[in-house]
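Construct the entire structure; sequences and hints are all you get.
Number of protein chains: 2
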Amino acid sequence: MNLQRSSQPVVPAPPRLARRMSRMAASAVREILKVAERPDILSFAGGLPAPELFPVRELAAAVDDVLRREGPAALQYSVTEGFHPLREWVAARLTRQGARVTAEQVLITCGAQQGIELVGKTLLDPGDRVAVESPSYLAALQCFGGYEATFLPIGSDDQGFQVDDLERAIAKGKVPKLIYVVAEFHNPKGTTLSAERRERLMALARAHRIAILEDNPYGELRFTGSAPPSLLSMDDTGLVIHLGTFSKTLAPGLRLGWLVAPPELHRAATVAKQASDLHSPTLNQRAAARLLESFDYDGHLGRIRQAYGERCLAMQGALARHLPEGTKWTRPEGGLFLWASLPRGLKADDLFADALREKVAFVPGSAFFPAEKRHEFLRLNFSNRSPERIEEGIARLGNVVRQHLT
Amino acid sequence: MNLQRSSQPVVPAPPRLARRMSRMAASAVREILKVAERPDILSFAGGLPAPELFPVRELAAAVDDVLRREGPAALQYSVTEGFHPLREWVAARLTRQGARVTAEQVLITCGAQQGIELVGKTLLDPGDRVAVESPSYLAALQCFGGYEATFLPIGSDDQGFQVDDLERAIAKGKVPKLIYVVAEFHNPKGTTLSAERRERLMALARAHRIAILEDNPYGELRFTGSAPPSLLSMDDTGLVIHLGTFSKTLAPGLRLGWLVAPPELHRAATVAKQASDLHSPTLNQRAAARLLESFDYDGHLGRIRQAYGERCLAMQGALARHLPEGTKWTRPEGGLFLWASLPRGLKADDLFADALREKVAFVPGSAFFPAEKRHEFLRLNFSNRSPERIEEGIARLGNVVRQHLT
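Keeping their order, the protein sequence lines are chains B and F. Sequential numbering of the first sequence, starting at 827, is according to our numbering. Sequential numbering of the second sequence, starting at 827, is according to our numbering.
Since the hints were derived computationally from the structure, they do not count as laboratory data. There could be a bad hint or two in this list.
Quick list of simulated restraints, FRET-style, between CB atoms [as the list claims (entries may be wrong)]:
#1 B:E1214 - F:R895: 23 to 29 Å
#2 B:D866 - F:R895: 23 to 29 Å
#3 F:A899 - B:A839: 37 to 43 Å
Chain B stretches covered by chain F per the calculated footprint, using a threshold of three residues with CB under 8 Å from any CB of chain F [to be verified]:
#4 895–909
#5 948–962
#6 966–976
#7 1093–1101
#8 1117–1124
C-beta atoms are modelled at their ideal positions from N, C-alpha and C, and glycine is treated no differently.
Below, the structure written as structure tokens:
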């Protein structure tokens, strides 16, 4: 008998996890991002907005003002729906952009991510079908996966979500409960859903009474071209839930976003949020509302758009200079990402370790596919580095790709 | 044909909600609190901490300092687990209080409510049995209900959760997946679980490998007596998940709490939080950590404890003076609430409307029962009013009760 061994403490099994957790396993991307954010790596992997453009001083002044004038109220519990002046601001802005939205339809969330979560919680029973573009925003897939949804993967091209693909699926009886769309500057692809496809998508949703989740974290970041109407603005029968956020326009560290929904869905999402975290931070909501009273928000957005537009062009130029023939990429009109594909059967996953050795990083595109994974793609973030650093990083990436071609 | 009618727009049915939403219907309490917080009402209904004790100036200085010194980082995305110095602070404090906790076991949440939510998400499949004291914290019942749990209601007396009741249920084969306990200054009752019951509860959990959720939002608010060891400190086999919060000690409007769990559950809760809202607000976490570097937290807690202790005694004295014979109430050693029972078959629910007419409010206790509701109880909050206002409000309540007795 090996006494040494038997005297080791027995570690009992931990409590069994819920079934849904098997659908939310920590993603490979989480691990990739941890490595990629090492300070020695020139990373295009994350989805970080440019911190040098955060309105730090203006936010500091707003927080200070709120705490001086209304300190106790700004630190107390508040209603789940959110701070009313902030809800009014959101409704007014969306209305100016072509939708008709009242403050009562707005629920202030902890980022747009919580909006996705609340829609999953409110609408999805296990096995419910969710139509998702293939590829899609990974944390939305994880979230819907956690609600044990069945994915209906929809094809994707340079105009985004292929509505005719959805139409064919529906004709075969595969009617989804929910359609998830990032219509503007898609993550990971950077593409924009064309106006014509938006019309057809709305018509399909109307005909089959399918709810649409229009996730719009990047819509304010258009640096070229003009915006098609939002699905929210086209909705006349209460099917569209719309998500927005201050994470890419003011600062993600505030965790402030919003969900806009027809009355019954709004009520359900509010109840779900109450059980989730009671309400979004009072201080942050009041500070944002105070800031927006006097801040030149559109001027500020103009600076972000200009910087991101330059960075996006810098990245496209660098890709043309440094990547081998046959490499392709999307031409985003806004947002944070572009999506490149490698030539001659190269797999982005195979390049990743060598890229790290060259001190450059990206996210292999395979991570974003809900079902059959494809391996030739990379997601590249352009918002978080200067044009010079982008040039340098893409040159390194070019070296890695060339090594793999020979 | 009635043209007028047929020309009205047809409002189509909204998308069907998920099954779980029927278990999370907006509670009666939500409506009660809305009415009760009218400025003309002297309300004991809410669960608000005393805003005049919020460290407003100190928080303002901490936020300002963080934004001046580390603005962009304080406003950027950050890791799901939370800001490491704040996790270290939580671990150190819990360790000083008798548990052995490392920063790696701490997950920073949006209030303790999100801790409850994450435990539900991580552990509960539909039909899983959750043992809950009867009565229990309402938003926990709603949250577990949302995960379609089956409640195992456990009796409750002046020492809290009746462990022998749970023992009998287990002997009959009703083994819960999770035990939910507010061991310190229970909401709604104000009771504290005795040290002896804690021992027996841990022994039961160990014997049957049942996870325990120790929800401890009020533990720092003890104004008399001495604290039994926490369940967390007694756990040697990885069964206890412990929740705490700054909502009652610093300010609820920051939405900062923590979840402490054994490694596998911590990992699962982190993945679940990532899908829920990515992470808690960076700015709030850094400001709290900065504040706690220099703030006399224990001195601050001393002032809260003294005020709440005075208010609690004031309420008990007022109840003795103004309520008719046969009225009983708990004697909390801390926290925010006491629990009164009416004599001679009176139902608190029946008194509510008349109480509003007398400009006083409470929460009828029936709301807090997971199954068979009892109607003789009221939950009374003492933290949010001065002793003078408490005297006045309880005198009004006494009038209402006397009217119903005659």
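Regarding B:D866 and F:R895, is the given constraint of 23 to 29 Å on their beta-carbon distance met? Holds, since B:D866 and F:R895 (Cβ atoms, about 24 Å apart) stay within the stated range.
Verdict on chain F covering the segment 1117–1124 of chain B, where coverage means 3 or more residues with a C-beta closer than 8 Å: violated (count 0)
Distance restraint evaluation - B:E1214, F:R895, Cβ atoms, bounds 23 to 29 Å: Holds: the Cβ-Cβ distance is about 27 Å, inside 23 to 29 Å.
Is the coverage entry for the segment 966–976 of chain B by chain F consistent with the three-residue Cβ rule at 8 Å? It holds, with 4 qualifying residues against the three required.
Mind taking a look at whether chain F covers the segment 895–909 of chain B? Criterion is 3 or more residues with CB to CB distance under 8 Å. It holds: at least three residues are needed, and the segment 895–909 of chain B offers 8 whose Cβ sits within less than 8 Å of chain F.
Count residues of the segment 1093–1101 of chain B with a Cβ under 8 Å from any Cβ of chain F, then say if the count reaches three. As far as the segment 1093–1101 of chain B goes, the hint holds, because 7 residues have Cβ atoms under 8 Å from chain F.
Distance restraint evaluation - F:A899, B:A839, Cβ atoms, bounds 37 to 43 Å: holds (40 Å)
Just to make sure I understand the rule, a stretch counts as covered if three or more of its residues have a C-beta closer than 8 Å to a C-beta of the chain. Does the segment 948–962 of chain B meet that for chain F? holds (count 5)
Going through the hint list in order, the structure does not satisfy hint 8, though it satisfies all others.
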